[in-house]
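Visitor: Read off the chains here:
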Amino acid sequence: MSNEHIDEVSGISTTGHEWDGIRELNNPLPRWWVITFYVTIAWAAAYTIAYPAWPMLSGATKGVLGYSSRNEVKHELAAAEAAKVKFVTAIQDKTVAEISADDALREFAVAAGAATFKVNCVQCHGSGAQGSKGFPNLNDDDWLWGGKADEIRQTITHGIRFTSDSDTRQSEMPAFADVITPEQIAQVSAYVASLSGKVNDGSLVGPGAKVFADNCAACHGADAKGNREFGAPNLTDAIWLYGPGETAIAEQVRSPKHGVMPAWLGRLGDTKVKELAVYVHSLGGGE
Amino acid sequence: MLDQTQVERLDAEAVNSARTRQPLYAARKKIFPKRASGRFRQFKWLVMAVTLGIYYLTPWLRWNRGPFAPDQAVLLDLANRRFYFFFVEIWPQEFYYVAGLLMMAGIGLFLVTSTVGRAWCGYACPQTVWVDLFLVVERAVEGDRNARIKLEAAPWNARKLVLRISKHAIWLLIAVATGGAWIFYFADAPTLAANVASGTAAPVAYLTILVLTATTYTFGGLMREQVCTYMCPWPRIQAAMLDESSLTVTYNDWRGEPRSRHAKKAVAAGQLAGDCVDCNACVAVCPMGIDIRDGQQLECITCALCIDACDGVMDKLGRERGLIAYATLSDYNANMSLATAGGATPVNPALIRTAEGSFADGLAHFHPRNIFRPRTFIYLGAWSAIGLALLYSLLTRERLELNVLHDRNPQFVTLSDGSIRNGYTVKLLNMIPEPRTIEVSLQGLPGAEMNAVGVDLPPSRSFTTVADPDRLKMLKVFVRQPPGQITGIAQTFKFRIKDQGGVESAEYTATFNAPEIAK
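Same order as they appear, the protein sequences are chains A and B. Heads up, the first sequence is in numbering that gives the first Met the number 0, so the first residue is 0 and it goes up one at a time. Heads up, the second sequence is in numbering that gives the first Met the number 0, so the first residue is 0 and it goes up one at a time.
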């Protein structure tokens, strides 16, 4: 084997590798390329020492830098929390009305409240807080238990008819099927419907007013505008939790349905409840 | 006047010449460009001073924009997404101005190249300017061409070490200054300079300096002509930009050939002798390591230093300047045809000269009207059209804008009195660095009133709010319409904003949705 051989055609030396007279020209890679190649190998080796890399029987080598992606996430989350801490402490210290009055705080609380809302509230109230039958629309200006930011906060904190919270909003309309006759139910339904619209049989309205005064005015008020002390809805407006019209009203008079909202304080904590209250208040119907 | 044999013949090899072009894998042969002097060298010094001056000084220019905007004349404020250029302020959505400028730069390059060849490469390209600067340092430290060649060949000793270390140290200083100047375009220069000096600047500032120092040092000091020949795409594109009327640096072999060191002897022996005395001055000064006498070639950046070198020699010999000159291909071909009797003979210098020895009348010379060709008019037209369009758009652009986003969920809300409410996210863009009082009003939608979250006013058809300087103000606006006046499930109306202290206004057409039963 001669490694001194020079190829006659190209004038380039050969490597000494020969196959049936075919020789390999010695055209080495450029030096910078080779150096770069060795540097990458060295880099790879150093990397596996510095960072978690080699699989072992249980887990992998930890790497001398002590890096882990879980730690990185932890740091990033901590940094995010640290960035929020100024607002969060301010929210802890202030009432919801004060938070609503401060532009920067309100913006933060609305954003935070919206996030909390999307996780915890949309299941009943809908993603746009628009509600559905039996679940109140939080965008409108009709509030069973009060629409001031503080009242909303109270509702979120303790819930409605949530028996395991002693401060919960509590009220229950009796089932009037056992108390008044079906005829009276038809009359009172016609009367209530007439307060905010037309009814089919106007002759029922007069007697219905009497039935209402005897049975309903105690909670809903003589003028039927409701009473927030008992969560008694205003029956003269355009908003009907269980649907408008005589049929739906009669149904609710006969055997009322009662929604339950859980108390959220234990699960979310006071700060998040305040943020939620500010958010719900900002939806447009807040008082 | 010198006799041609007295002109020193330089021992210069065109290392990148097409005749001797190296295979790509071969190690680079170093080029030791000799210092040139002459018109073009003077012009290049001037261009270098101007371009380096612009680069280093621009960030330090001040421009008063009032208390609500930075006072740096040219500033790319990436953190706040604003670009300031003297009296112009650009928001990210106005990036088309930058796109337009880039198009103008491209077409301008076409225009310049089609008229005067690769003038960009030869004079203004940062690579050329910085290599020139690095060569100044190299010459100052190590001496001119011959001294540098000698030093390169010399064994390592104390002197060589000192010279090399000084050279590279100065190069590195220039490189650091280059990288350092770059970052000042992105932040307030005096503040950033103090921060960088005290070590309190952002890590990205140091990283940028480091990267640009490395590239400047490598490209300007170590790689030099290789950047142009191997890395830059422009030499490849130029072929399409040049035509037979473009000026390029040309060796006029119609008067130079046959080149001869001993013209008198040759003439006496009955041989032909051209003007080229084969002194290699053009090769020695070439920073690209080529021999221009091989003709136009990819490596030539048309820096015109060979013209200066050759003109100097011609002056000494008492011959006309311009053996190497800016010439167009058509002029060259015409003269070549003259010198070769239409290609019938080899170059015969006698054919282009009168009996008295001056140039024959029929010789083609560059005439400025050559610049005005359909092609250059088209480039100039496109360039000006874009420029004028940008200028017009810049002078008439709105600095108060309005964007409205209708709430989709819920699309509408029924209120207790039966009226319908729609929610909108209204974005007011106050694009000047002064606070403005903006009046927001409803146009159309009879009976409707609105109120905005955070604006503590009773519902009305209009309200005013203060927009912060140079900021977007986002408002949540609720519009409600009483039940009797709703005319359809989707009514269109307009939000209108007006600057109360000025004349600017803007409108946005929005939709008001209502349920069918509320009609």
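Keep in mind the hints are simulated off the structure, nothing from the lab. Remember, predicted model here, so these are calculated numbers, not experimental data. Hints should not be assumed to be uniformly reliable.
To be verified - Chain A is nowhere near these chain B residues, computed Cβ spacing over 12 Å in every case:
#1 Pro434
#2 Met473
#3 Val476
Claimed, not checked - Label pairs and their calculated CB-CB ranges:
#4 A/Lys85 <-> B/Met473: 16 to 22 Å
#5 B/Arg18 <-> A/Ile21: 53 to 59 Å
#6 B/Ala238 <-> A/Ser67: 41 to 47 Å
#7 B/Gly52 <-> A/Ala78: 40 to 46 Å
#8 A/Leu64 <-> B/Arg18: 32 to 38 Å
#9 A/Lys85 <-> B/Gly446: 40 to 46 Å
#10 A/Ser67 <-> B/Glu515: 56 to 62 Å
We put the beta carbon where it would ideally sit given N, CA and C, even for glycine.
Visitor: Now tell me, hint by hint, if it's right for this structure.
Guide: Against the structure, the hints:
1. Pro434: holds (15 Å)
2. Met473: violated (9 Å)
3. Val476: Its Cβ does come within 12 Å of chain A, the nearest being 10 Å, so this is violated.
4. A/Lys85 <-> B/Met473: 16 to 22 Å: holds (21 Å)
5. B/Arg18 <-> A/Ile21: 53 to 59 Å: Once the Cβ atoms are compared, 32 Å apart, the range 53 to 59 Å for isoleucine 21 of chain A and arginine 18 of chain B is violated.
6. B/Ala238 <-> A/Ser67: 41 to 47 Å: Violated, since alanine 238 of chain B and serine 67 of chain A (Cβ atoms, about 55 Å apart) do not stay within the stated range.
7. B/Gly52 <-> A/Ala78: 40 to 46 Å: At 43 Å between Cβs, range holds.
8. A/Leu64 <-> B/Arg18: 32 to 38 Å: violated (55 Å)
9. A/Lys85 <-> B/Gly446: 40 to 46 Å: With a Cβ separation near 44 Å, lysine 85 of chain A and glycine 446 of chain B satisfy 40 to 46 Å, so the hint holds.
10. A/Ser67 <-> B/Glu515: 56 to 62 Å: holds (58 Å)
Hint compliance for this structure: hints 2, 3, 5, 6 and 8 are broken, all remaining hints hold.
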